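Hey, can you work out the whole structure from these sequences and the hints?
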Amino acid sequence: MTNPLNGGAVVEVRGLCKRYGERMVVDHVDLDVVEGEIVGLLGSNGAGKTTTVECLTGLRRPDAGSVRVLGLDPQVDGARLRSLIGSQLQDSALPDRLRVGEAIELFREPRSLPAENRSVDGLLAAFRLAEHRGQAFSALSGGQRQRLFLVLALLNRPKLIILDELTQGLDPAARRDVWDAIRSLRNAGTTVLLVTHYMDEAEALCDRVVVMDQGRVLDGGTPAQLVDRHAPWATVRFGGGVGDVGIDSLRAVEGVGEIRRVAGQVEVHGERRMIAHVCSYLLDCGDVPDDLAVVMPDLEEAVIALLAHGDDRQLSLIGGSR
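The sequence shown finishes on residue 543 if you use the working numbering, and the numbering steps up by one all the way, no holes.
Simulated from the structure, these hints should not be mistaken for laboratory data.
The following label-pair restraints were derived from C-beta to C-beta distances:
(1) 479 <-> 300: 54 to 64 Å
(2) 317 <-> 478: 54 to 64 Å
(3) 346 <-> 289: 29 to 39 Å
(4) 236 <-> 472: 46 to 56 Å
(5) 445 <-> 289: 23 to 33 Å
(6) 397 <-> 294: 32 to 42 Å
(7) 505 <-> 408: 47 to 57 Å
(8) 445 <-> 298: 32 to 42 Å
Treat the numbers as computed from the prediction; the structure is a model and nothing was measured.
Note that the Cβ used here is the ideal one computed from N, Cα and C, for glycine as well.
Written out as C-alpha cells, the structure reads:
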C-alpha cells in the first residue's frame, strides 16, 4: 500500500530485530515516516516501542535489519545524525539546579552563532518559557519541564524530532499545552515520531499510527482507518420509553446485534449500517426521543480489539510491509 502523504522518506526501517538475552524485544519491524507528518508508535508497555526508537537514534545496535534515518545509518553516521534530529526519550531529566538558560547553552551546538539567539528567544516565547529563563529545573511544573524538553530537542533546527511518552504524568491542562506545541512543530514543517500509549493523544495528533505488540507491528494507518478495520460497530442510545414489545421489534432491525437497558436508557449495538435503520424504525413508530444519540467507537476501542486478536493477524503496515 502507498503512503497517504507525498513527502520524502525520513525514516526507513526494514526487518528490525533486537534481542535482550533470549527475549525478542523487536521482531522484524518495518516502519516508514515521511517528511512533514506526525506518526504515532502505539502499544502497551513492553511492546517494543522505546527499543525501536533507541535503534533509530543509535542508542541501541540492532541484531538484524536495516535502519535509515534521513538517509543515514545511525550506527555508522551517529555523530552526523545527532546534529539533524532532536529527541526527548522516556525518563528524560535534568539536574535540579540547572537553570533553563543554562540548559539551553549546554544543549546548543557549539557552532551556533550569537545571531541565532533570536531563534532561541522565539522558541522560549513560543513554548511560554521566556519568563522562566533564570529558573531552576526543580522549580518548573510538569508541563513547563516537558515544554523545556521540546525546546531543547528543537534548538538545532532538527529535520526529525522523536518524542517518547512526552505527556506521561501530566495533568489534562498541561497535556493540552504540549499537544498544541507538537501541532505547531508539524505546521512549521518538522517531522514528528511520537511514542505513546495514550490513544486519545494519538487520535488528536497523528496523521498515521503504527500499533506494536510483543515486538511486532500488527497494523498501521490513519486513526480513522484503524477504527474502520477493527471497530466497525456503533451504538444508538435513547431514553427508555420504548416498551418490551418495541424492543423485541428492534431486535429484528437490520444490523442490530445487541440491545441493553442501561441507567434508564436503551442502548442498541450493531453494525454501523443499523444507525439509519434504527432511526427509521423510531420515526415509523412516531417516537423520536429528544436524547437520541449515536456513539461511535474511537481509536482506543480499535486498538484494544486489534491487540485482542494480534496473534491471529498478518497485517500490512501502511507505508511498508511486514
